[in-house]
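K.L.:
Starting from the structure of chain Z, add chain D where the hints point.
Heads up: the protein sequence lines correspond to chains Z and D, in order. Going by full-length UniProt numbering, the residue at position 81 of the first sequence is 81; the numbering climbs one at a time, nothing skipped. Going by full-length UniProt numbering, the residue at position 192 of the second sequence is 192; the numbering climbs one at a time, nothing skipped.
Same chains, same names: a pair is fine if it fits in one copy or spans any two.
DSS-like cross-link-like pairs, simulated, lysine-lysine; straight-line CA separation at most 27 Å:
1) Lys-137 with Lys-218
2) Lys-21 with Lys-218
3) Lys-21 with Lys-91
4) Lys-21 with Lys-215
5) Lys-21 with Lys-137
6) Lys-137 with Lys-19
These are computed hints drawn from the structure, not numbers from a lab. Owing to the predicted nature of the structure, the values given are computational and were not obtained by experimental measurement.
Protein chains: 2
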Amino acid sequence: MPVNDHIVRSFDEDLEALKAKIAQMGGLVEAQCESAVRAVNRRDQTLAQRVKTSDDQIDALEAEIEAMSLRLLALRQPLGGDLRTVVASLKIVSDLERIGDYAANIGKRAIVLSGLPEIPPANGIVRIGALVQSLIKDVLDAYADDNLELAVAAWHRDEDIDELYTSLFRELLTYMMEDPRNITASTHLLFIAKNLERMGDHATNIAETVHFQVKGTKMEADRPKGEDASYIVEMPE
Amino acid sequence: MPVNDHIVRSFDEDLEALKAKIAQMGGLVEAQCESAVRAVNRRDQTLAQRVKTSDDQIDALEAEIEAMSLRLLALRQPLGGDLRTVVASLKIVSDLERIGDYAANIGKRAIVLSGLPEIPPANGIVRIGALVQSLIKDVLDAYADDNLELAVAAWHRDEDIDELYTSLFRELLTYMMEDPRNITASTHLLFIAKNLERMGDHATNIAETVHFQVKGTKMEADRPKGEDASYIVEMPE
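Same shape as in the complex, but just chain Z (with noise of 0.2 Å):
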């Protein structure tokens, strides 16, 4: 008779199942924002066609790991940290998910900047996109580890993301009003940074899911905010 896998296995076994499917979905998010970044830098088409196409393999992961957290809630009924561990997952995809489609976004929009004339700030995208692979990179072993100071350093760092994309955001305005050729290609990466700051708005939100997870409250402080970039006003000389 075939042995059930479901019955078997403890529970300990699926929820660390459970742990390293997320880890693969984060690697594979962590992989899309390198190249969205590079294929900007680089106005590579074929690594931003590659990225755009690769987000289904993220989206099939978030459904994966959806069925595997609901079948442990029905199955298991955890309590306690092992609920908390199952919420978490459920949290902590629908963040990696929505990075990837910020990666995707960044992709389509690399297709698009090749074939226009170049403009220099492509430099701030790399600094930004750098910043936000490595929250994303320490949020994700965080999780893995149950690491809590690693996951509030990490929300902190945020703040640096928040800085660099409010001064490329100023920078791209000058661009703009300095030569109107420069429009179409400066408004598509106000977008890139925008996404790659809201990229990093996630990654903490996946801080914060580590710390309810290993502590089971809420972070206490206010999520640090630099300048908040919707206030900006440029003119032209």
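P.N.:
Same frame as chain Z, now just chain D:
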């Protein structure tokens, strides 16, 4: 001896309380969305400020509903449709919270815009805003009544929002190219339009969650999409 609510109340009553709380949060989010668009349209700084600060109430409701859901999972250990209802509530409040965030962000930008020279296309914003509001209303009604038909119909309407967004995007790029003094205001309007389009995406997520809750399966078709504004290239004459 005091009677313990949690033990005396039936599970159905608990679920009703959960749904009522979500309806309350949904009502607030709808009102925020309406006020945000009105603040942009009427250049109403006081209203914009109110939208910005009211977001805290939505965040508080999200935390409350998450705690209710977790309590329900732990104490009632629901199965089948009941489990889906609780998991759906977690997904829906996360989408509602994001919609609220976007409304608050529009509020912030409305404050800036009220101090800038006026440019024409606020009409486009009002039209997208009206579509988004009716979409949010319909998915919330669909959720309240387990109305699958309404959810699917609402889901398909997201296409209209994407089309309006794309045409507004083109229009705003044109204004920027015509006169650099329009660039700052147009950029804020671009982001406002993008925020509204994202609110529509989150509303369709809620429609998908209603489908999952009622039927236990994913919606079949891919989300319909109009022309993707990421691909738009406008060049100055």
